[in-house]
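J.: Now for the letters of each chain:
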Amino acid sequence: MGHNRIGRLPRTLRWRQVVSLLDEPSLDASAVARASSLAAEVRLRRLANDPTLVHCFWILTRLATAARQPDFANALAEIGIEARPDEPILGFVARVAEQVRNEVAAHPESGHFATLASLALRRALTETIGQHGRSLFGSSVDDLQAALRHYAGDVRFGRMARLFFGDFFAATLGSFVERELSNRTGESPGLQTLRESQEFAQALDRYARESALIMEEFAGGWYGKNNWESKGQINHEDTAGFVGYALRKLRTELTRSEQA
Amino acid sequence: MTTRALLLCDGAPAPPGQSDPAQIRERIDWRSPSANVNFRAENLDDTVLGEIDGRAADLIQIATCTFAADQAISRGGDRDVYGSDWHRELHLAVPVRDPDFWSSPEVYRLLLDALEFATGDTWRFTFSTTADRSRQLVLIPGHQGFARPPDYVVLFSGGADSLCATVELLAGAQGRPLLISHRSTPPTVSRQTNLARILQGRFPERAPSHTSFWIHRKRSNPKDTSQRTRAFLFASLGAAAAAQLKLPRVIYSDNGVVSLNLPINRGIVGTMASRSTHPGFLSRFNRLLGAVFQRPVRVENTLALRTRAEALQILKANSCADLLQETVSCSHTRGLSGMQPHCGYCTQCIDRRFGSLAADMEEHDLTERYKLDAFVASLPEGEQRTIAVSYVRFANRLSQMTPEEMFQDIPELAEAINPESQTVDADARAMAEMLKRHGLAVGNVMSRMAQKVINDLGHGRLPQTCLLRLAFGGEIEQWPALQQTAERIDPNCFRREGKMWRVRFDGREVVVPDEAGMVYLFHLLSTPERDVDVVALLSLRSAPRRQRRPSDAETADLQPGGRTAEPIMPPKDRARLRQRLKELAAARSVAEQAGNDVELALIDKEVAEIERELERTTGRGGKPRTFQDERGKARQSVSRAIDRARKTIRDAHMPLGRHLHVFIKTGWSCSYRPVPPIRWSS
Numbered sequence: 337m338g339h340n341r342i343g344r345l346p347r348t349l350r351w352r353q354v355v356s357l358l359d360e361p362s363l364d365a366s367a368v369a370r371a372s373s374l375a376a377e378v379r380l381r382r383l384a385n386d387p388t389l390v391h392c393f394w395i396l397t398r399l400a401t402a403a404r405q406p407d408f409a410n411a412l413a414e415i416g417i418e419a420r421p422d423e424p425i426l427g428f429v430a431r432v433a434e435q436v437r438n439e440v441a442a443h444p445e446s447g448h449f450a451t452l453a454s455l456a457l458r459r460a461l462t463e464t465i466g467q468h469g470r471s472l473f474g475s476s477v478d479d480l481q482a483a484l485r486h487y488a489g490d491v492r493f494g495r496m497a498r499l500f501f502g503d504f505f506a507a508t509l510g511s512f513v514e515r516e517l518s519n520r521t522g523e524s525p526g527l528q529t530l531r532e533s534q535e536f537a538q539a540l541d542r543y544a545r546e547s548a549l550i551m552e553e554f555a556g557g558w559y560g561k562n563n564w565e566s567k568g569q570i571n572h573e574d575t576a577g578f579v580g581y582a583l584r585k586l587r588t589e590l591t592r593s594e595q596a
Numbered sequence: 026m027t028t029r030a031l032l033l034c035d036g037a038p039a040p041p042g043q044s045d046p047a048q049i050r051e052r053i054d055w056r057s058p059s060a061n062v063n064f065r066a067e068n069l070d071d072t073v074l075g076e077i078d079g080r081a082a083d084l085i086q087i088a089t090c091t092f093a094a095d096q097a098i099s100r101g102g103d104r105d106v107y108g109s110d111w112h113r114e115l116h117l118a119v120p121v122r123d124p125d126f127w128s129s130p131e132v133y134r135l136l137l138d139a140l141e142f143a144t145g146d147t148w149r150f151t152f153s154t155t156a157d158r159s160r161q162l163v164l165i166p167g168h169q170g171f172a173r174p175p176d177y178v179v180l181f182s183g184g185a186d187s188l189c190a191t192v193e194l195l196a197g198a199q200g201r202p203l204l205i206s207h208r209s210t211p212p213t214v215s216r217q218t219n220l221a222r223i224l225q226g227r228f229p230e231r232a233p234s235h236t237s238f239w240i241h242r243k244r245s246n247p248k249d250t251s252q253r254t255r256a257f258l259f260a261s262l263g264a265a266a267a268a269q270l271k272l273p274r275v276i277y278s279d280n281g282v283v284s285l286n287l288p289i290n291r292g293i294v295g296t297m298a299s300r301s302t303h304p305g306f307l308s309r310f311n312r313l314l315g316a317v318f319q320r321p322v323r324v325e326n327t328l329a330l331r332t333r334a335e336a337l338q339i340l341k342a343n344s345c346a347d348l349l350q351e352t353v354s355c356s357h358t359r360g361l362s363g364m365q366p367h368c369g370y371c372t373q374c375i376d377r378r379f380g381s382l383a384a385d386m387e388e389h390d391l392t393e394r395y396k397l398d399a400f401v402a403s404l405p406e407g408e409q410r411t412i413a414v415s416y417v418r419f420a421n422r423l424s425q426m427t428p429e430e431m432f433q434d435i436p437e438l439a440e441a442i443n444p445e446s447q448t449v450d451a452d453a454r455a456m457a458e459m460l461k462r463h464g465l466a467v468g469n470v471m472s473r474m475a476q477k478v479i480n481d482l483g484h485g486r487l488p489q490t491c492l493l494r495l496a497f498g499g500e501i502e503q504w505p506a507l508q509q510t511a512e513r514i515d516p517n518c519f520r521r522e523g524k525m526w527r528v529r530f531d532g533r534e535v536v537v538p539d540e541a542g543m544v545y546l547f548h549l550l551s552t553p554e555r556d557v558d559v560v561a562l563l564s565l566r567s568a569p570r571r572q573r574r575p576s577d578a579e580t581a582d583l584q585p586g587g588r589t590a591e592p593i594m595p596p597k598d599r600a601r602l603r604q605r606l607k608e609l610a611a612a613r614s615v616a617e618q619a620g621n622d623v624e625l626a627l628i629d630k631e632v633a634e635i636e637r638e639l640e641r642t643t644g645r646g647g648k649p650r651t652f653q654d655e656r657g658k659a660r661q662s663v664s665r666a667i668d669r670a671r672k673t674i675r676d677a678h679m680p681l682g683r684h685l686h687v688f689i690k691t692g693w694s695c696s697y698r699p700v701p702p703i704r705w706s707s
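Taken in sequence, the protein lines are chains A and B. Quick note: the first sequence uses this note's numbering, first residue 337, plus one each step. Quick note: the second sequence uses this note's numbering, first residue 26, plus one each step.
Everything labelled a hint here was simulated from the structure, so no lab data went into it. Glycine residues also receive a C-beta, built at the ideal position from the N, C-alpha and C atoms. There may be inaccurate statements among the hints.
Derived contacts from chain B toward chain A, CB cut-off under 10 Å, selection only [what the hints assert, rightly or not]: (1) Asp105; (2) Val106; (3) Tyr107; (4) Tyr133; (5) Leu137; (6) Ser251; (7) Gly292; (8) Ile442; (9) Pro444; (10) Glu445; (11) Ser446; (12) Val449; (13) Arg454; (14) Gln604; (15) Glu608; (16) Leu625.
This is chain A alone, in the form it adopts within the complex (with noise of 0.2 Å):
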């Protein structure tokens, strides 16, 4: 390994309430879960405004409608992505990436959330590949067209979108516990071995990402009429307006579980 940077959790209150509860007994996923957006929660609003994650989230609805088009690699370029029909997909989700990379540069400010975004584009895209029924080794820029084209719809860019979101808020979550999770692994009594924490960590992401179901029936009504209303070209300023909708949708589906 390379050098790593490691951090650590903020020492406020908030933040060491997290640490607490990892060092319950019976370790809740859900409880660290909620505890975390609570300490960050003021930050989590600003993301609300985030160009980087708006310009992930407007990189998949512009792919999903791009897939549409006869032309699929004309309606690529549009925004910004140059490929050929008959590229792997591994290649062009690594164009995706350089494409983002460039939003990601300009602007600093989004700090590690633009990364993460970018991370739960590409995630989105593989993931989708692969619930289409092909494997992302052989597949090529046709085969992602036909799968996006089949997520295009209404109700099924909601699924994108869910994975999409689930992803980010999953990445987000463990970015946070995870800087004290292996250093509380052998102290904790829920976790004193490695499987125990990487099963910890597992049920995290699948807290996280179970959350983001909320996302999937919204997400696709949104996209629909947006769609259709801009004729397809769905723009920054749309998207930015359902980014900080399903941010607060999100919290909000975090604060009933806890009523629940």
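Add chain B to chain A, keeping to what the hints say.
T.: Relative to chain A, chain B alone:
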């Protein structure tokens, strides 16, 4: 808020329109008397230095400025959970010989692309013209300087991977290399030169030349130590040398797993994991080189698809396994001794340890060379535990994934794919298979190490937070058979076993690492109900192990009422030395008048020695220092060592830690008076 900084390099003027009050302003300079960067080249094998070509000189100039700027601006603390300070906006004003070329849109874009990928920062440059010819860099040996010209350049860090790559090329008869080293800190110097000399001896036909560059910050400590620009600097040095010597290849090798450096846990985001030899960085850097130099120069990683263990096999296969012990991989270049050059817990140390064990090269990478043995020692909270735990957890994940799952679950891997490649799928599959081999090798090493200490592991004697215990568990209550053993076991035991101490108390046995205070505790437990003077205890550390029993005379002298209040230097001796100082002062004036420099030097030397001795034996207010002062130091040293040892034991065995805390008394004399009395076996 993002940190924004303007850095004026090498006397460059401030660009117009830069009046942002929130912007940090720094100066980077290596030529003036107040220089804050050290920058020079040292050719270790040849004598003739050539004049470097303009573009190559500019590239080194830019790389040096970015390296200095990187260290001048903080990336925030380790509790910056959102990465708000990690990503900086750095604007550099740099004088170069050809500002128009570097400012041209294509070259500028390629430059930023490589830097931003490696660092995660946002970079901007304002290039100005440097007209002063004396500012031209004279760094790289020309062809005429070599007895035999080199055939390629190797970036030689003195770590295990760069050695493996060099040995493979030398053994493969691929011509004669020029080794280029970057000397960032003094401890790296000796190992790089030593290794280069050994290689010259082992491969006389293709003996490599060795050139070093001293480029580091001076006068003040860096505000940031992550050095994500170091790869750009190192690769630039190699490329400039290759361009100057008209060589097409620069070898910059790390094993494939290190090269990808995937985040071992999710708390490591983006460039928090370095990308020194990441395929994405190398391809971007090569694109930049393609624009900068007319003759093709390419940086390549010959170990890109090999794990650490597979890279180390190169040394074995070429009868160079013994050279592994001459290399250092640790990221902590300061605060470690020559005998223990590895901290044992940074990612490099952990990876090297696993790699050498997986390659069956333990005899050339001894455990004793690591300050912390993560397998069996208690891992302190913080970086130490986080890295070790995350490393093994991540390797375990890799070992269970298919290539498909890897590219789905680890989206960072997409950045290692070159979309222009004709063999994207094959490249990706080869990468995934290498990662899987790495995961399996780590699992194999864990099993082997566990087998070695199966007794201690099974009976819960290993510290609770050592790697093997965390991976495999192990609690004494799981082993009731222990109670049925026919052999009589002493209930209390305190015994040294190599570099560890085996301690049994209250029905539980643990193994703890050796440290100074353990010997004191051992002595006190062996001589209960007695007061032992601190000086006598201290002498246990300096005596050979077999003789660690203070003599009665020694102890008696140091007892309260002994000669402890006597001065260290008797008054007669002190008076004699003062008299000698007077004589020397007289002799000095005579020698001065006679102009006898040799005599003067001898007198000065003797005066200095006497003054040192007097100073050593003089206490506060000019009073003679007594043995009591020495005892004070001994008391402090012994008490602290005992406290530390008790803490170590408490971490591993709480009841014993409490027992020792209650019944061991420290002070001018130390004692162990347990109630009720306890017998200890050793």
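J.: Take the hints in turn and mark each one as holding or not.
T.: Here's how the hints hold up against the structure:
no.: 1; hint: Asp105; in the structure: holds, 7 Å
no.: 2; hint: Val106; in the structure: holds, 6 Å
no.: 3; hint: Tyr107; in the structure: holds, 5 Å
no.: 4; hint: Tyr133; in the structure: violated, 13 Å
no.: 5; hint: Leu137; in the structure: holds, 8 Å
no.: 6; hint: Ser251; in the structure: holds, 6 Å
no.: 7; hint: Gly292; in the structure: holds, 4 Å
no.: 8; hint: Ile442; in the structure: holds, 4 Å
no.: 9; hint: Pro444; in the structure: holds, 4 Å
no.: 10; hint: Glu445; in the structure: holds, 8 Å
no.: 11; hint: Ser446; in the structure: holds, 7 Å
no.: 12; hint: Val449; in the structure: holds, 4 Å
no.: 13; hint: Arg454; in the structure: holds, 6 Å
no.: 14; hint: Gln604; in the structure: violated, 60 Å
no.: 15; hint: Glu608; in the structure: violated, 60 Å
no.: 16; hint: Leu625; in the structure: violated, 53 Å
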